[in-house]
Amino acid sequence: MVVHDINPARVAPLVAAGAIVEASAEAVAAKCHRTICMVETTDQAESVILGENGIIQSAKQGDIVLCMSTIDPLAARRFAERLGAKGVTMLDAPVSGGTHGAAAATLSVIVGGLAETFAASEDLFRAMGKNVFHVGGLGHGLAMKLINNMLGQIATVAIAEALVFGKKAGLDPHKIYEVVRVSTGSSVQFENRVPRMLARNFVPGGHD
Amino acid sequence: MCRGGTIDISYKDQELETTFAKQLGVPLLLANVTQQVYQMARAAGLNKEDGSSIIKVFERMAGVTIGGDDD
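Those protein sequences? They're chains S and Y, same order as listed.
Heads up, the first sequence is in our numbering, so the first residue is 39 and it goes up one at a time.
Heads up, the second sequence is in our numbering, so the first residue is 96 and it goes up one at a time.
Among the hints, a few may not be true.
[Claimed, not checked] In the EDC-like style, the derived pairs of lysine to aspartate or glutamate whose C-alpha atoms are separated by at most 16 Å in a straight line are: (1) Lys98(S) / Asp43(S); (2) Lys98(S) / Asp81(S); (3) Lys143(Y) / Glu78(S); (4) Lys107(Y) / Glu119(S); (5) Lys143(Y) / Asp103(Y); (6) Lys206(S) / Asp103(Y); (7) Lys124(S) / Asp81(S); (8) Lys107(Y) / Glu144(Y); (9) Lys213(S) / Glu229(S); (10) Lys107(Y) / Asp81(S).
Quick caveat, the hints were computed from the structure, so don't treat them as lab data.
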């Protein structure tokens, strides 16, 4: 395995486990047939994949780029077109499950792109995730991820509104949790969010 | 499941959701309203807290607190 991060501390544990560290994404792709990019924003992904010292500079005909960030689906298609001109194929493969799921290798990996590229990459996804889905063409992994997240966010707001409404109506919020979680208003978000709200535990990063 | 993500990360995802829908010409009602609630949380300085802190936006509007010693 060959790794790179703009923050060397991030890759230190991998280097300790035997990974080779390189100074740029370009240098990583020069040594690898399959290169994973996982960053936070669309701009960062564009820089790592298409930038001056990016993957595209050294990727060779037949290589594969796995774009695992949650970014703009249309931008992902644009990255894939640019890579395609060099004979390099890309998959969009965003993940769900948080830092806890990543550490436990229980992530959901939601993949869009060519079936043959998916087949050639599936072993890497299975090393990270428990639920690996190939959902369609390029950009469809991202579309699916955004729809999943949208539902979770809407549910979170609805739950907060309902709890405060119930409190103003004189209900005990703990009783609201006890009743609703086994009734028709429950959901995965309800089960996850309400105990944290009741405990006033607002620490992010899967510390639940 | 977006358990454990910060308000800022969800807001970024919402920007992707709503931008993508605009590009497709699809109306998104609840996602846009929801993003504004997350923006209220950001305006209140909750950027780096877990998404569960959305409860504080509604608590402040209603003048009550959920959980804690009173409940």
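Hint check:
1. Lys98(S) / Asp43(S): violated, 21 Å
2. Lys98(S) / Asp81(S): Violated: Lys98(S) and Asp81(S) sit about 23 Å apart, past 16 Å.
3. Lys143(Y) / Glu78(S): This hinted pair holds, its Cα atoms lying about 15 Å apart.
4. Lys107(Y) / Glu119(S): violated, 24 Å
5. Lys143(Y) / Asp103(Y): holds, 6 Å
6. Lys206(S) / Asp103(Y): Violated: Lys206(S) and Asp103(Y) sit about 29 Å apart, past 16 Å.
7. Lys124(S) / Asp81(S): violated, 21 Å
8. Lys107(Y) / Glu144(Y): Cα-Cα ~14 Å, so holds.
9. Lys213(S) / Glu229(S): holds, 13 Å
10. Lys107(Y) / Asp81(S): Cα-Cα ~12 Å, so holds.
Hints 1, 2, 4, 6, 7 from the list above are not met by this structure, while the remaining hints are.
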